[in-house]
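S.K.: Listed below, chain by chain, are the residues.
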Amino acid sequence: MKTMIAFWSILKKDILNYYLKPPNISWGIIFPLSWTLMQLMRSEGNLGIVELLPGLMAMSVLFGTTSMLAVTITFERKGRSFDRLLLAPISISILVVAKILGAILFGIINAFIPVIFAAFFIDLSRINWGLTIVAIIFIAVTSALMGLLIAVSAKEVFEAQTLSNFFRFPMLFLCGLFVPLDKLPVVLKPLSFILPLTYGTDILNGSVTGNSVFSAIINFVVMLAFVILLFYLCQRNIKKKWIL
Amino acid sequence: MEIIKVTHLKKTYGDVEAVNNISFSIEQGEIFGFLGPNGAGKTSIINMMIGLSRPTGGHIMIDGIDAIKDIKKVQKIIGIVPDENNLYDEMNGFENLCFCASLYGMRKKEREKRATELLKQFNLLKASRRPFKTYSKGMKRKLTIAAGIIHDPKIIFLDEPTTGIDVESARQIRELILDLKKQGKTIFLTTHYIEEAERICDRIAFIVNGKIVKTGTVNELMENAESEHKINLVLDNNITGSRAELENQFPNYKIKMVGDNSCLIISQERIALSPLLQLLDSKGISVYEAKAIKPSLEDVFVKVTGIEAVQLRIEREKLGT
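Heads up: the protein sequence lines correspond to chains C and L, in order.
With the working numbering, letter number 93 in the first sequence gets 93, and the count goes up by one each step, no holes.
Just so we're on the same page, the working numbering is the position in the second sequence counted from 1, plus 244.
A couple of the hints might just be wrong.
List of simulated lysine to aspartate or glutamate pairs, EDC-like, C-alpha gap at most 16 angstroms [stated by the list, open to error]:
hint : chain 1 : residue 1 : chain 2 : residue 2
1    : C       : Lys78     : L       : Asp333
2    : L       : Lys425    : L       : Asp446
3    : L       : Lys474    : L       : Glu533
4    : L       : Lys538    : L       : Glu464
5    : L       : Lys316    : C       : Asp83
6    : C       : Lys12     : L       : Glu334
7    : C       : Lys78     : L       : Glu328
8    : C       : Lys12     : L       : Glu339
9    : L       : Lys398    : L       : Asp423
10   : C       : Lys78     : L       : Asp327
11   : C       : Lys2      : L       : Glu354
12   : L       : Lys458    : L       : Asp446
13   : C       : Lys21     : L       : Asp333
14   : L       : Lys320    : L       : Asp310
15   : C       : Lys241    : C       : Glu156
16   : C       : Lys239    : L       : Asp314
17   : L       : Lys377    : L       : Glu328
18   : C       : Lys21     : L       : Glu334
19   : L       : Lys357    : L       : Asp396
It is worth saying that the hints were derived from the structure and are not from the lab.
Model the full assembly from the supplied sequences, consistent with the hints where possible.
M.R.: Next up, the structure:
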């Protein structure tokens, strides 16, 4: 019970102090909206909104989760308020989950903004919502854990931002969003297979448009493996780098 | 009863030995102080004891718990006030205290009651709804201390509690520390203010270059320093002309001029005042005041560590006090 009180407090503080601040709310709306418009203009009307949705949702989650988490943790580390959390009588695992949960929720909400816009123009009843929601959650969790990994490595806020972009943009171009996986150059293909976003996007493609490269089971197993691996790495790096 | 026992503690960063094989123990209910200049290893030792740093070697037992193996258990019974005020700028005083209380699993009603009590005790109730970032340095320090004791810990670690704040706030904080001792808390504090250590600590350890060079109560530390007897004489006239005669008459006394009309008599044995006064009187010099000079903790610190107290003062000035 005591752990739950601490867990909930950390989550609530992050949501109130960071995620619900006006700049972040507007960022959460403006960013997915810009991506939607950009894609529509690029396609010159040849691409349907349904085909755009998986990519837009994936991008919104990726940017929504990683952008805030890495920056806020680095900020708290620099001001040493993060030490308070490390000194609290709760395990590192609980602390990690409490810190990433805010980012995960923020990412999930971001993912549904393009869906809300799309709902005004097209019929979304054919989408497999169960699969879509699970895929969004998996993308949000892996992205948040990657954000945390970046935060552990960065000392300054600008460093966290630079490192985030270093991971995010290559991931966007290699995950099959802009260029289908089978059309990627041979040299880059192996890289796309080691990115969690590739599998998350593939599940979304399957659930929204019915076209996926891998079966849903394979995608989920790989995503789960990524979650376990990233969680382990986060915990290990926190102990190694933050408890000197 | 020993509540903290540290044995052969070591910490190295690469080739640098920050903490070099130190051992000490702290009794329940006492205020134990680490006194030393910046970079002496004080914060490194505290960080290892509270779980923010891993020792390279040695053992730490806190209230019967192995602090290296089971730090989360230890963290339940300790309160920590770091050397920097690390509360949340965006949150107000009350919210900050309630948040810190929740980290120890305190329920809403309980934490709100305790936060209000502490805000009252620390004279911060009026400012409790203002964001932390708008507080003065002294107020920030007081709220940081309140946050450290919100869960009513058995042992409190205070790292440089009065550094960087005004004289009045520092005085209030020292009073609060003494109040905590009265409540039966064990307090471990680090400071580079000699006067502060002398005023509030039951026992003091001098720490230099990661080593404890001397430990004891203020009286115990002073005892060894009292190898010389000193008396300061305030006179109505300058004695420069009579100094040679004084030295001839009293060859065991060293005479040091301190200003125009004042001198210091130094001797390895007790100083007999009567013959001195008689001689000065015969020279037509009246003695207005004779005062025995006791060594201060600062003298002991300088003698034991070889570090000039001036160095500590310069550091203090750098920190803005």
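S.K.: Taking the numbered hints from earlier one at a time, note which ones the structure violates and give those numbers from smallest to largest.
M.R.: none
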